[in-house]
Amino acid sequence: MNRTDQREYEALLAPLLSSVFGTALRLTRNRDDAEDLVQEAAVRAFKAFATFQKGTNFKAWFFRILTNLFYERHRRAQREPVRTDLEDAADLYLYGQSEALGLRARAEDPAELVMGKLTEEDIGRAIESLPDEYRLVATLYFMEEFAYEEIADIVHCPIGTVRSRLHRSRKMLQKALWSVAVEQGVVAELQPSGEGQQKGNA
Amino acid sequence: MTRLDRYTCEEVFRRLDDYLDRELTETEMALVQAHLETCAVCAREHDFEASVIRQVKTKLRRVSAPPDLLARISSALATTEAE
Chain X
1 MNRTDQREYE
11 ALLAPLLSSV
21 FGTALRLTRN
31 RDDAEDLVQE
41 AAVRAFKAFA
51 TFQKGTNFKA
61 WFFRILTNLF
71 YERHRRAQRE
81 PVRTDLEDAA
91 DLYLYGQSEA
101 LGLRARAEDP
111 AELVMGKLTE
121 EDIGRAIESL
131 PDEYRLVATL
141 YFMEEFAYEE
151 IADIVHCPIG
161 TVRSRLHRSR
171 KMLQKALWSV
181 AVEQGVVAEL
191 QPSGEGQQKG
201 NA
Chain D
1 MTRLDRYTCE
11 EVFRRLDDYL
21 DRELTETEMA
31 LVQAHLETCA
41 VCAREHDFEA
51 SVIRQVKTKL
61 RRVSAPPDLL
71 ARISSALATT
81 EAE
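Residue numbers (the numbering used here), protein chains in the order written: chain X, 1 to 202; chain D, 1 to 83.
These aren't lab readings, by the way, just hints derived from the structure by calculation.
All values derive from a computational prediction rather than experimental measurement.
We put the CB at the ideal spot given by N, CA and C, even for glycine.
Heads up, some of the hints might be wrong.
Claimed, not checked - If you want a taste of the chain X side facing chain D, the calculated C-beta under 8 Å gives, among others:
#, residue
1, E10
2, S18
3, V43
4, A111
5, F142
Claimed, not checked - Computed list of lysine-lysine pairs in DSSO-like fashion (alpha-carbon distance at most 27 Å, straight line):
#, chain 1, residue 1, chain 2, residue 2
6, D, K59, X, K117
7, X, K59, D, K57
8, D, K57, X, K117
9, X, K47, X, K59
10, X, K59, D, K59
Throw the hints in and build the complete structure from the sequences for me.
Here it is, written out as structure tokens:
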């Protein structure tokens, strides 16, 4: 590798850096670890840059390296407890809650009534509460707009597995978002009467 | 499109995620769309899900890398040997 290679590599990486960092942040759940993960992945990818086929999908190639590294590190780290309350999330969870609150009659876009009040941090916290394998596909999907096939390639699993993990992760995410909305008092604000009854009762 | 060509609500519900992600075949996309145009309940569910996805995507992407991260990577690369 020479300076020309480094310049070429950095020119490909630089425009992706914020999205790479954002994904790393959701995976590691803290900024310091995210920075370390991105930096280490960048060095590893550079070492392997000669194997990258020019003209192919650099972003997917880099995310594959980042994901592999995250898994390697994470396997070594102590496992965290998984939120089992998310496992039984119903289909269309937020839609069901919104119907129960009667939001449809109050806005053309009832989802906006809840989602519009949640901050970036709230949504980040909800996605970070998902178990690893679901958090990974959800992050790649929501943050990067990768197609199912690209996600399958990045996480080394069949497309059918991506489809089912993504489906489950969406359900879990909706339940987690609702839980955050309750904690933040958003649901209490939206109650037609008896304000505050649901607060802290996700 | 004849009645037999149409999807039922259950068939549309099973395909809703894939429809939102445009991961169905062209024929399936058209069948789901035709159902959504005539079924208010499924259309409401679809619009709600689409709105949630849109807002999650928009807010999650508002993250910037630390300003000095590229410079740190750059200096790490300068001392890196290729494999």
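These are the hints, each one checked on the structure:
no.	hint	verdict
1	E10	6 Å, holds
2	S18	5 Å, holds
3	V43	5 Å, holds
4	A111	4 Å, holds
5	F142	5 Å, holds
6	D/K59 - X/K117	11 Å, holds
7	X/K59 - D/K57	18 Å, holds
8	D/K57 - X/K117	15 Å, holds
9	X/K47 - X/K59	16 Å, holds
10	X/K59 - D/K59	21 Å, holds
The earlier numbered hints are all upheld by this structure, with none contradicted.
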